[in-house]
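K.L.:
Required output: the full structure, derived from the provided sequences and hints.
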Amino acid sequence: MYFVVNLIGVAVFLVIGFLLSKNRKAIKWRTVITLVIVDIIVAAFLNMVPVGREMVRAAAEGFSAFVNIAFVGISFAIPNWVNVPQMNFVTGALMPLLMIVPVFDILTYFGVLPFIIRYVGKALALVAHTPKFEAFYSIEMMFLGNNDALAVSRLQIQNMKIERNMTLAMMSMSCISASIVGAYIQMMPPEYVLASIPLNVLNALIVTNLLFPVEVKPEEDVIYGLDETKEKPPFFSYLSGSILGAGKLVFIITCSVIAFVSLAALINAFLGIFHPSLSLENILGCIMFPFAWLLGLSVDEAFQLAQYMGKKLITNEFVVMLDVKDIMDTFSPHMQAVLTMFVTSFANFGTVGIIIGIFKGLLPEDKVSVISKNVGYMILSGILVSLLSAGIGGLFHW
24 MYFVVNLIGV AVFLVIGFLL SKNRKAIKWR TVITLVIVDI IVAAFLNMVP
74 VGREMVRAAA EGFSAFVNIA FVGISFAIPN WVNVPQMNFV TGALMPLLMI
124 VPVFDILTYF GVLPFIIRYV GKALALVAHT PKFEAFYSIE MMFLGNNDAL
174 AVSRLQIQNM KIERNMTLAM MSMSCISASI VGAYIQMMPP EYVLASIPLN
224 VLNALIVTNL LFPVEVKPEE DVIYGLDETK EKPPFFSYLS GSILGAGKLV
274 FIITCSVIAF VSLAALINAF LGIFHPSLSL ENILGCIMFP FAWLLGLSVD
324 EAFQLAQYMG KKLITNEFVV MLDVKDIMDT FSPHMQAVLT MFVTSFANFG
374 TVGIIIGIFK GLLPEDKVSV ISKNVGYMIL SGILVSLLSA GIGGLFHW
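The numbering used here applies: residue 24 is where the sequence shown begins, and numbers increase by one.
Keep in mind that the hints were calculated from the coordinates and are not lab data.
Just so we're clear, the structure is a prediction, and the values are computed from it rather than from any experiment.
A few of these clues could be false.
[Said to hold, decoys possible] With a straight-line cut-off of 25 Å between C-alpha atoms, the simulated DSS-like cross-links for lysine-lysine are: (1) Lys271 with Lys45; (2) Lys145 with Lys240; (3) Lys155 with Lys45; (4) Lys184 with Lys383; (5) Lys145 with Lys51.
P.N.:
Next up, the structure:
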């Protein structure tokens, strides 16, 4: 029964995208259907086929080993924070980013990541019949995250019509940065985190094709390339900047978690004045419950998931991951899968401001206003992508 509900849920999420589309007549059904089929094949391969499962397991072990190497440096600098029975969130999840982020930046500096991004993007465009740059960007943001992916695509963004930039803004709600996966796998099941990454890429293309279809003429379907107008800095200067950037990222995430958790506690204290059972989690649980139930869960687990879903959207994924990391083993395998896959993205209200801020630095105000007026579609896109990734991935975990 729960499998059937989960399957119906995936169909419902796609129908919602169709019903709320800006232009239903312009939807390219060949692209949407192809991407859905590829999505299911990828999910089945990673979760059902022995070779696929082995690939995910090996990747999870590789990332874990990668993160453990980072603890060598952490323990050298602050041994009392590492050699303890239970490491805190900052030490266990965030400080490894001080090594991981520079490693990914080094791969970018020497052209390794740009090479992978370009050719995987071309292959995706060929298979899914999507515009070349949109496919390219979906892979780009998977590795670089929304900030860097938008920044290095400046030339493309400035030469595209605003409707296509709106598509990029919507897609940017659904990505993560490969460099931050090391933090995620310290708190959530690594196999589900890693499996959700390609699903987010495919679902971002599906959802934008449904919600905001854009006609791209053959002469417009070109890739202008990465922004290479600036001279590449000396390697060690670049590496120093990357390390400082990683430090800022750790500080920003720490501050946001402290602020969001404290604000949520403040809101709950205020709501508790009116009724002891009234809380932010319960309100969000009621709002998100129908969508959580459609992911194929019992009523109790669906309400619990709905609370985490709502909290993630108004705060961020780290707040939820901290909430559940010590109790994940108490959840059913299906609950673990759909919860992990839903929260593994940057889709939250705070991301909207970040994306619009980046576009303001790249485009004239009149063009940015088009994106600002469609904030609702950006949020809806992020929610639907997360739901589809959880729904399709969850079909193979019971």
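K.L.:
Hint by hint, say whether it matches the structure.
P.N.:
Going through the hints against the structure:
| no. | hint | result |
| --- | --- | --- |
| 1 | Lys271 with Lys45 | 38 Å, violated |
| 2 | Lys145 with Lys240 | 17 Å, holds |
| 3 | Lys155 with Lys45 | 22 Å, holds |
| 4 | Lys184 with Lys383 | 15 Å, holds |
| 5 | Lys145 with Lys51 | 19 Å, holds |
Consistency with the previously given hints fails for number 1 only.
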